[in-house]
Amino acid sequence: MRSTATTGTEARMESFYSRYRNVLLLVAILLAQIIGLAVQVRRPSAAGSGDTGQVRLIRYWVTSIVSPLEEFFLWTGHGIRGAWHGYLNLRGVRNQNLALQAEVDRLRMEQASLAEDVRQGQRLQALLGFKQQYIYQTVAAQVIGTSGTDQSRVLLIDKGSLDGLRPDMPVITPDGVVGKVRDVFRHSAQVLEINDAASGLGVILQSTRLRGILRGNTEGQTEIINILPDEQIQPGEAVITSGGDQVFPRGLPVGVVERVVNDPERAPYMAVLVHPDAKLSRLEEVLVITQIGNTLPTQEESDLISSEQRAADVLAQRLPGQDTGPQQTKLGPNGKPLPGQDPNAPPPPAQPPQPLHTDRFSPMGEPDASAASSSQAPMSAAPSPSTQPGKKKRRASVPTAPATAPATDAAPAQTLPEQASPAPAPTTPPEAQP
Amino acid sequence: MALLDHSTREEVRQHRFHPAVFILAPLFAIFLQSYLPLRHPGFALVDLPLCITVYFAVSRRNPVSGALLGTGIGIAEDALTHFPLGMQGIAKAIAGYLAASIGARIDVDNPGTRILMMFFFTLLDSLLRFGIERLLLNLPMEWFFGHELLRAAINALVAVILFSLLDRLRQRE
Numbered sequence: 174m175r176s177t178a179t180t181g182t183e184a185r186m187e188s189f190y191s192r193y194r195n196v197l198l199l200v201a202i203l204l205a206q207i208i209g210l211a212v213q214v215r216r217p218s219a220a221g222s223g224d225t226g227q228v229r230l231i232r233y234w235v236t237s238i239v240s241p242l243e244e245f246f247l248w249t250g251h252g253i254r255g256a257w258h259g260y261l262n263l264r265g266v267r268n269q270n271l272a273l274q275a276e277v278d279r280l281r282m283e284q285a286s287l288a289e290d291v292r293q294g295q296r297l298q299a300l301l302g303f304k305q306q307y308i309y310q311t312v313a314a315q316v317i318g319t320s321g322t323d324q325s326r327v328l329l330i331d332k333g334s335l336d337g338l339r340p341d342m343p344v345i346t347p348d349g350v351v352g353k354v355r356d357v358f359r360h361s362a363q364v365l366e367i368n369d370a371a372s373g374l375g376v377i378l379q380s381t382r383l384r385g386i387l388r389g390n391t392e393g394q395t396e397i398i399n400i401l402p403d404e405q406i407q408p409g410e411a412v413i414t415s416g417g418d419q420v421f422p423r424g425l426p427v428g429v430v431e432r433v434v435n436d437p438e439r440a441p442y443m444a445v446l447v448h449p450d451a452k453l454s455r456l457e458e459v460l461v462i463t464q465i466g467n468t469l470p471t472q473e474e475s476d477l478i479s480s481e482q483r484a485a486d487v488l489a490q491r492l493p494g495q496d497t498g499p500q501q502t503k504l505g506p507n508g509k510p511l512p513g514q515d516p517n518a519p520p521p522p523a524q525p526p527q528p529l530h531t532d533r534f535s536p537m538g539e540p541d542a543s544a545a546s547s548s549q550a551p552m553s554a555a556p557s558p559s560t561q562p563g564k565k566k567r568r569a570s571v572p573t574a575p576a577t578a579p580a581t582d583a584a585p586a587q588t589l590p591e592q593a594s595p596a597p598a599p600t601t602p603p604e605a606q607p
Numbered sequence: 201m202a203l204l205d206h207s208t209r210e211e212v213r214q215h216r217f218h219p220a221v222f223i224l225a226p227l228f229a230i231f232l233q234s235y236l237p238l239r240h241p242g243f244a245l246v247d248l249p250l251c252i253t254v255y256f257a258v259s260r261r262n263p264v265s266g267a268l269l270g271t272g273i274g275i276a277e278d279a280l281t282h283f284p285l286g287m288q289g290i291a292k293a294i295a296g297y298l299a300a301s302i303g304a305r306i307d308v309d310n311p312g313t314r315i316l317m318m319f320f321f322t323l324l325d326s327l328l329r330f331g332i333e334r335l336l337l338n339l340p341m342e343w344f345f346g347h348e349l350l351r352a353a354i355n356a357l358v359a360v361i362l363f364s365l366l367d368r369l370r371q372r373e
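Residue numbers (our numbering), protein chains in the order written: chain A, 174 to 607; chain B, 201 to 373.
These aren't lab readings, by the way, just hints derived from the structure by calculation.
Glycine included, each C-beta is placed from N, C-alpha and C at the ideal position.
The hints are all genuine.
Label pairs and their computed distance ranges (CB to CB):
hint, chain 1, residue 1, chain 2, residue 2, range
1, A, E457, B, I223, 26 to 34 Å
2, B, I223, A, V277, 48 to 56 Å
3, B, L335, A, G417, 30 to 38 Å
4, B, L350, A, R423, 38 to 46 Å
5, B, L316, A, W234, 34 to 42 Å
Using the sequences and the hints, build the whole thing.
Here is the structure:
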């Protein structure tokens with residue numbers, strides 16, 4: 174009897190299984206994946222990537238299969254485009270080179286003018302105990318792929334752990350911040366962009382000095398959250414990294430303020446929508462910052478010094494009154510240098526700058542002492558210091574402009590002939606000589 | 201009505217493909233899905249792996265193999281994102297299972313049926329993913345109905361072209 178019942182139960186089970194086999198298998202597949210999801214959410218790794226070992230292995234397999242194909246397509250496309258553009262641009266290279274050289278000169282002068290500010294800033298920061306971070310080393314990487322979905326703002330780059338990349342390294346372009354490295358494989362790495370909802374970046378508004386956290390929203394926009402409604406934030410204000418997140422160095426450009434909107438999830442706080450400086454939807458190359466230090470890098474220091482030296486040369490070439498060398502000496506019709514163009518002649522003495530508003534102490538308006546004594550120019554109504562002992566030389570150089578006449582009118586008439594004269598001005602007035 | 205009925209068992213026979221097609225076509229779809237948005241950001245609206253899942257599921261007409269194929273393709277897609285593995289795997293497993301079940305009942309070679317089917321499955325996939333993200337993972341996701349309708353329409357149009365290309369890879373009996 175028992176064996177008959179058992180056989181009946183088995184038959185029923187078998188018929189149940191055969192009838193619902195497909196559904197049962199689907200439920201098993203779904204259950205396995207749900208359990209896998211739960212395990213991944215409960216056990217994030219400590220490396221910052223959020224993946225356990227097995228998950229990382231699956232990601233590695235998929236990336237290893239996809240990235241060589243992507244690199245091949247990119248390489249082919251770049252090769253064709255590079256050859257075509259190289260041919261087209263060949264004719265404009267010379268002009269472009271000249272323009273670039275001029276721009277390099279201009280930038281060197283700008284850099285030289287800012288060098289002293291940099292050093293002063295460093296001294297002050299050292300006095301305050303403030304640790305500035307500088308970019309020491311970067312690795313250029315090619316963007317070879319995306320996540321394929323607009324819900325996950327992840328890029329795939331062609332550099333990995335073999336190139337020195339580690340999780341949480343900052344990724345930038347010359348325009349601005351892109352994101353940070355997430356998962357690193359041997360030859361590739363994933364970059365989480367700043368407009369992803371899972372990202373977070375410490376920022377500061379450049380003019381108002383307001384600090385905040387920048388993250389992505391569900392629409393792929395970047396926003397600074399938890400802003401009080403009474404903050405005075407204007408559209409167009411620059412947003413830079415604050416360095417507070419311990420990932421990005423301070424001062425990197427992030428974007429500009431677009432507008433301030435209500436944040437229904439965090440009422441009564443507001444959100445500031447930020448337009449990223451980096452073109453996140455059309456990235457081709459990025460820089461991964463692999464090393465950051467507290468002092469100015471050696472290369473930048475040497476660049477600064479060379480820029481100062483080079484700026485002096487550039488400035489010397491541009492100054493019209495400077496000796497520009499024998500090849501630029503103008504010759505007369507008889508083959509001899511024109512008067513005032515003798516290359517061996519000593520340079521004219523440097524003239525002090527012309528004052529905007531001359532007064533009686535201005536050195537430019539002083540006439541020759543002998544002329545002053547011989548002419549009948551009216552003396553100043555102000556008490557003369559001539560009676561003071563030991564001030565004889567100084568007294569001779571006191572201007573004799575009439576007190577009633579405006580000083581600005583009188584000064585140019587007196588200084589212009591003096592400036593135009595090629596002869597060196599006497600350093601000592603005749604009457605002052607013993 | 202002629203679109204939805206199979207009068208003979210001959211019409212519901214399984215289509216055969218070379219085994220390499222089952223491996224290379226999904227891989228190529230995942231590669232294109234990762235690569236093309238880099239050049240054309242709007243391409244992220246298209247879901248080529250879903251099209252491949254639905255096509256092979258309705259061609260094979262086996263729900264279990266459809267679910268397994270969807271799981272594999274979905275997990276491979278998840279591996280390229282920063283989400284936990286299985287999010288798209290679950291959605292595509294259900295899509296593959298249902299597509300294979302439908303393929304056993306209706307004529308899926310007709311372009312009109314393919315458009316309707318792909319439109320429905322894209323919406324279903326989006327809905328499933330949204331549910332998983334919000335309910336299981338508690339991720340801050342929002343449902344934009346207009347965006348999802350547009351996505352479904354684009355996928356339906358792309359699927360018609362893609363399916364006709366994949367039809368050429370069928371093995372003749």
